[in-house]
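Residue numbers (our numbering), protein chains in the order written: chain A, 1 to 313; chain B, 1 to 313; chain C, 1 to 313; chain D, 1 to 313.
There may be inaccurate statements among the hints.
[Stated by the list, open to error] To be clear about the criterion: a stretch of chain A counts as covered by chain B if any three or more of its residues have a C-beta under 8 Å from a C-beta of chain B, and this derived list gives those stretches:
#: 1; segment: 19-25
#: 2; segment: 248-256
#: 3; segment: 260-273
Don't read these hints as lab results, they were simulated from the structure.
Please read these numbers as outputs of a predicted model, since none were measured by experiment.
All C-beta atoms in this analysis are idealised placements derived from N, C-alpha and C, irrespective of residue type, glycine included.
Number of protein chains: 4
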Amino acid sequence: MIENAKVAVVGVGNNTSALVQGIAFYRSSGSLVGIHQPQVAGLGVGDIDVVAAFARSDGKVGSDLHQAILAPPNNFPRLDVELPPSGVTVQRGLVDPAGIARVAEALNGAEVLLYSAPSGRPETARAYAEVALRAGVAFVNTTADPVARDPSLLDRFERAGLPLIGDDLASQFGASVLHRALLRLLAERGLTLVSSYQVNLGGTEDFRNLVENPDSKKQSKLNALGSGQVQLAPLAYMPHLKSQKITHLNVEAQGWGETAISLDVRLQVHDPSGAAGVNIDLIRLAAAARRAGHGGYPPEAAAHLKSPPGTAV
Amino acid sequence: MIENAKVAVVGVGNNTSALVQGIAFYRSSGSLVGIHQPQVAGLGVGDIDVVAAFARSDGKVGSDLHQAILAPPNNFPRLDVELPPSGVTVQRGLVDPAGIARVAEALNGAEVLLYSAPSGRPETARAYAEVALRAGVAFVNTTADPVARDPSLLDRFERAGLPLIGDDLASQFGASVLHRALLRLLAERGLTLVSSYQVNLGGTEDFRNLVENPDSKKQSKLNALGSGQVQLAPLAYMPHLKSQKITHLNVEAQGWGETAISLDVRLQVHDPSGAAGVNIDLIRLAAAARRAGHGGYPPEAAAHLKSPPGTAV
Amino acid sequence: MIENAKVAVVGVGNNTSALVQGIAFYRSSGSLVGIHQPQVAGLGVGDIDVVAAFARSDGKVGSDLHQAILAPPNNFPRLDVELPPSGVTVQRGLVDPAGIARVAEALNGAEVLLYSAPSGRPETARAYAEVALRAGVAFVNTTADPVARDPSLLDRFERAGLPLIGDDLASQFGASVLHRALLRLLAERGLTLVSSYQVNLGGTEDFRNLVENPDSKKQSKLNALGSGQVQLAPLAYMPHLKSQKITHLNVEAQGWGETAISLDVRLQVHDPSGAAGVNIDLIRLAAAARRAGHGGYPPEAAAHLKSPPGTAV
Amino acid sequence: MIENAKVAVVGVGNNTSALVQGIAFYRSSGSLVGIHQPQVAGLGVGDIDVVAAFARSDGKVGSDLHQAILAPPNNFPRLDVELPPSGVTVQRGLVDPAGIARVAEALNGAEVLLYSAPSGRPETARAYAEVALRAGVAFVNTTADPVARDPSLLDRFERAGLPLIGDDLASQFGASVLHRALLRLLAERGLTLVSSYQVNLGGTEDFRNLVENPDSKKQSKLNALGSGQVQLAPLAYMPHLKSQKITHLNVEAQGWGETAISLDVRLQVHDPSGAAGVNIDLIRLAAAARRAGHGGYPPEAAAHLKSPPGTAV
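Next comes chain A alone, as it looks inside the complex (with noise of 0.2 Å):
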């Protein structure tokens, strides 16, 4: 029998939340409910073990995973399993350099770190990656930061035989596959774009953080849905969303003879579960690339990746 996939964790943040007590309920309750891969070479979705977590908020720092995780500002709601002590108590991440080799040693045996702390912090970001070089484990990026797209440090990881995967992590399920699954498939069948737009609500901190300094990914998100005719509007935190998120889209469209088709569209999703529905397959992806000593960056990641190597930072 295949050997569970180790796993450190950098950020204690909602999708980590949705992560951690995933793999908790799928272990116990047998569910294959909303699951993108049940076997990634070998791997189920509950054979995976949190061995490490790295915050940087004094309220987690210390504490067991599985309180850290259910911590404010976290609004992921509680699923329906047991979480008893995990076991591991969530240590201090990196503040400066000097920390690298702390953390490293720090790892406790984990084949791959997982990098999902908030976007916006590239050095840090990079930082990780040199623990996770120095420790020999496999570098999973999901914040926008780039990592897997420097190609000099895709090339150390390549050389040292440790799969690299990045950046940007794309929801399993969010507006942009949605709309974007529209306006292709309105292209598809001939008619002509007239006009769109997308409006977002939500009630996490990544959002509250997104809604004081939205250009960055707003931009992404614009050259994500490939038109030049959708317009976003700007961001609205709504602390009682919670983790929920909440997307109005219009497409307005001409058919033949130029008669009008309008399509309203209302989503409702948790952002923290289409984080880590995507997490648990580029998780194993990792530990299975590791494990069979190839390096660098696995190209069946590239489905679950906004801004993959080779893609403009």
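Add chains B, C and D to chain A, keeping to what the hints say.
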């Protein structure tokens, strides 16, 4: 320069109104908006001449085609193009098998016979196929009545070197196309479908006929959606909608950790535009195949049909 | 301190489940959420004791009330309150007029008889009114069957000093209430209604009965909306919705300069909650009127009824 | 027969376009569609003559009024009415206090001065009120800038026998009117509000100004909704919408047994129509009050104003 394709139409309802007005509109405007294929075998969307038309209702027989397509109960909008008398007088269609010879004589040089009458009269549909065979023209069956699915008929067209296209037109863009695309997207992303419903409201005569005789169409629609979890509400005929069709779709699914995903869609289209946007491709395909001497069923037509040869009757 | 009101219920469907569970919930939680009137004549929503219950189905007769309200086809959700055995065993209701004396004996001290069976059995409704007269208790008819609108019955209750409340419960909040409010708002602001539609989807037995026998209810609903321009789609029974009702409303209007105004609404409610939220007021009203010796129809009930005395049968 | 009311307008934006086109439309068509009050003090909606107009932009000053209302950035639709030259040339408005005398001379017999410039220039608003006092005409302030709420100004109009109407126009029908009505309906029915949000998208210059300077208006809107549980998303300026405004509203509530009620609304209106539909009433009210010698604030205006005299500045 390639010669225009000559078509005779059976049925002077909304779909024929959309087709005839649209051809005139695109011919005069040069617009390419809303067109699925600008060219099929060298034929543009304006390169079609309607040379004969057949109807059953006293209100249409004897009128000029450009007048008949605007007569009630037709309620497709008047497109922004002038419609001077067409020179084609609507003739009385088949009323009994004995009329086959008469109608075959009256096709006025047509290369293609487009059967665009209401669904639900299989004998009439077959009789018109006999007209086409006798006159040596291609046949396009847009209705759900089995014609191309009848192997012996298909064989006779094949041996005669005449194209036979059918059965049951798939709209250029409508509720089925959209619903199926959404369900497929969910499955691709690994979400689990919990429930889904579709409600359709419309105001055409065709829609009223379906309301009064819903069973066959409903089953065909459910088959097309390919999911036992989709519920179809009874069709609602609302005359004030005229040729517009409004669809309310809901999809409830589960993602990672069995968390909920809700999708609500409102779609508004002009139903006859969806038909005309596909008929324009089928006519050109049929004309081109006949000119090339290719009899039988042209496989390129499959994407536009709900029940091509080989599917269940 | 005021004594609890004692009520006997006829019908152990979803509406009774919502009523009984809700009384227990509010009594134990002290919550005032979702309550229309915290006090009616000194009675709080928890100050009601159900002392007898009558049903027709073998699956319910003989069970404890707290078990029977949860038995299929009932599908109202289980509220967050414990339901130990109630001590009230569901009895067989009237099967023929001869049963009137038996049932009148079995009311177990009730002050109010709440008739909450399915609509469409006018003779049964009247027979239960006879039960109430014979037993000297107030009668509340929540169905569309004419009881309070029968002047001779009303006169007999009046002379007996017994309250008679009916007919046809208006939900606390539902599609009719909302649609009417929107149309009234439009009119107040001087807009001109162009068209409006309402589509209802539901999953209860009551809803299924309406789907199979739509006519009376549909007309009553149209009357309630008071506008010839409102179109009602056929009701759609979708079992997966359970006790939820989903309504899609559209209103198209014109404002200044005949410019267009469009309003699309999606409403989701638990139908039995809407009934229970009104029944709780009618029971308290009836009990208080009986205690005060006020026979006949109490005018304070009018706001909660679709067809009070004096309206057409 | 009563004489037409003579009005001078300040501001030649979309709201003035809607007003001027609408007056012409109703005068020529005889339609009563979309009109709040067919008659005010004997004056119909067509019984208004615009006798002078003032603007700031070089693109409008010097043009005929009927040309200026159609010039960009105005984007209100062209109504279905002929607009021959009006004979009124747009004049340059106030640029400094010294202009008061000049403008007062240029009112061309107006009885009412309608101040319909963008909000946010309180000194300009007051200077035009001085124009009205000097010229002896009634004043209508449609902006949020405090004029009628200034007790000393109101006192001067009162003593001069001149009507003063303001401040801040309430649209004939828009998001605030609808949202407030829905929240009130919920409260009336005894439901408990859990959360509510409102998202607004628009394409006019006025809307763009609000996007760039949202604070005052947002607070005023929240005050109008009268509920701390309503969240307003940032306004989204989308030029393709032109003069249309789209609003997405959500209301989450709880009813009996704390069961959930969800309400989702999409509203689409032409914003300038909502303003013109109210301005037409205020103009007639002001003209009638002046003719009757009633100075000061006419209480009949209250229903049309967000901030009448006595409310906070």
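Status of the hints after comparison with the structure:
1. Coverage of the segment 19-25 of chain A by chain B holds in this model, with 3 residues showing a Cβ closer than 8 Å to a Cβ of that chain against a need of three.
2. Only residues whose beta carbon comes within less than 8 Å of a beta carbon in chain B count, and the segment 248-256 of chain A has 4; three or more means the coverage holds.
3. For a cut-off of 8 Å, the count of residues in the segment 260-273 of chain A with a CB near a CB of chain B stands at 12, and the three-residue condition holds.
Of the numbered hints given earlier, the model fails none.
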